[in-house]
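Q: Chain order of the listed sequences is A and B. Here the working numbering is used: the first residue of the first sequence is 388, the next is one more, and so on. Here the working numbering is used: the first residue of the second sequence is 929, the next is one more, and so on.
Don't take every hint at face value.
Pair by pair, the computed Cβ-Cβ distance ranges are [to be verified]:
| no. | chain 1 | residue 1 | chain 2 | residue 2 | range |
| --- | --- | --- | --- | --- | --- |
| 1 | A | Ser399 | B | Thr959 | 40 to 46 Å |
| 2 | B | Pro970 | A | Ser452 | 28 to 34 Å |
| 3 | A | Val445 | B | Pro970 | 25 to 31 Å |
| 4 | B | Pro970 | A | Gly455 | 29 to 35 Å |
| 5 | B | Ser1048 | A | Glu414 | 37 to 43 Å |
| 6 | B | Thr931 | A | Asn480 | 26 to 32 Å |
| 7 | A | Ser413 | B | Lys944 | 34 to 40 Å |
| 8 | B | Pro991 | A | Ser399 | 35 to 41 Å |
| 9 | B | Ser956 | A | Ser447 | 27 to 33 Å |
In short, the hints are calculated from the structure, not lab data. Just so it is clear, CB atoms sit at the ideal spot from N, CA and C, and this is done for glycine as well.
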Amino acid sequence: DIQMTQSPASLSASLGETVTIECRASEDIYNGLAWYQQKPGKSPQLLIYNANSLHTGVPSRFSGSGSGTQYSLKINSLQSEDVASYFCQQYYNYPLTFGSGTKLEIK
Amino acid sequence: QVTLKESGPGMLQPSKTLSLTCSFSGFSLSTSGMVVSWIRQPSGKSLEWLAAIDWDGDKYYNPSLKSRLTVSKDTSNTQVFLKITSVDTADTATYYCARRPNWVYWYFDFWGPGTMVTVSS
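Please model the entire structure based on the sequences and the hints provided.
A: See the structure below:
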């Protein structure tokens, strides 16, 4: 199985700041990566697919980048509604696997 | 408008079989390329992909759980089912169904709200 190592586990930032969340795959996943946002008590919502493509309706302050085994999610101009947990998911190979998650809070 | 909704027993005893239903609308599982998948999440933990079924009836399983899982769909292509045999406390989780929207890439663009399942004697 491809292991997805996500960091940091938790993050506290101020409104308006830029934050970055990282995911490292145990092997090359050739941009087969998605990012999800999960607010407390809710189901995950797709933000980014194919490593850097913004899903319909997602604010442009979210962006994804990376290649090979290293990927990142950047949130510009942090808003209060961005408080959530964020998960990466690789879909280059079966079984599909997820990162351990990053819990984002406002300082 | 695409919607999915999971339903399940809420609570069941160890060693029993868990039966889950995903009812969806706004798309048809008979559409080429469409897939519905099951994913679970223990409270406070990450997500685990379990199984999926595609428009052609092909089934996909997480090898770590494959011997206990059975995914199926109804003939009207509006419901997908998951059975997990011999449950134990480690199967306590929120279970989600989600849609894969295209032929190639296994990401999920719509998710149901989830159904919480507790395994306890």
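Q: Run every hint past the structure and note whether it holds.
A: Hints and how they fare:
1. A:Ser399 x B:Thr959: 40 to 46 Å: This hint holds: roughly 43 Å between Cβ atoms.
2. B:Pro970 x A:Ser452: 28 to 34 Å: Since the Cβ atoms of B:Pro970 and A:Ser452 sit about 30 Å apart, the hinted range of 28 to 34 Å holds.
3. A:Val445 x B:Pro970: 25 to 31 Å: holds (27 Å)
4. B:Pro970 x A:Gly455: 29 to 35 Å: Check passed, 30 Å falls within 29 to 35 Å.
5. B:Ser1048 x A:Glu414: 37 to 43 Å: Between B:Ser1048 and A:Glu414, where Cβ atoms are some 38 Å apart, the hint holds.
6. B:Thr931 x A:Asn480: 26 to 32 Å: holds (30 Å)
7. A:Ser413 x B:Lys944: 34 to 40 Å: The hint (34 to 40 Å, Cβ to Cβ) holds, given that A:Ser413 and B:Lys944 are roughly 35 Å apart.
8. B:Pro991 x A:Ser399: 35 to 41 Å: holds (38 Å)
9. B:Ser956 x A:Ser447: 27 to 33 Å: The hint (27 to 33 Å, Cβ to Cβ) holds, given that B:Ser956 and A:Ser447 are roughly 32 Å apart.
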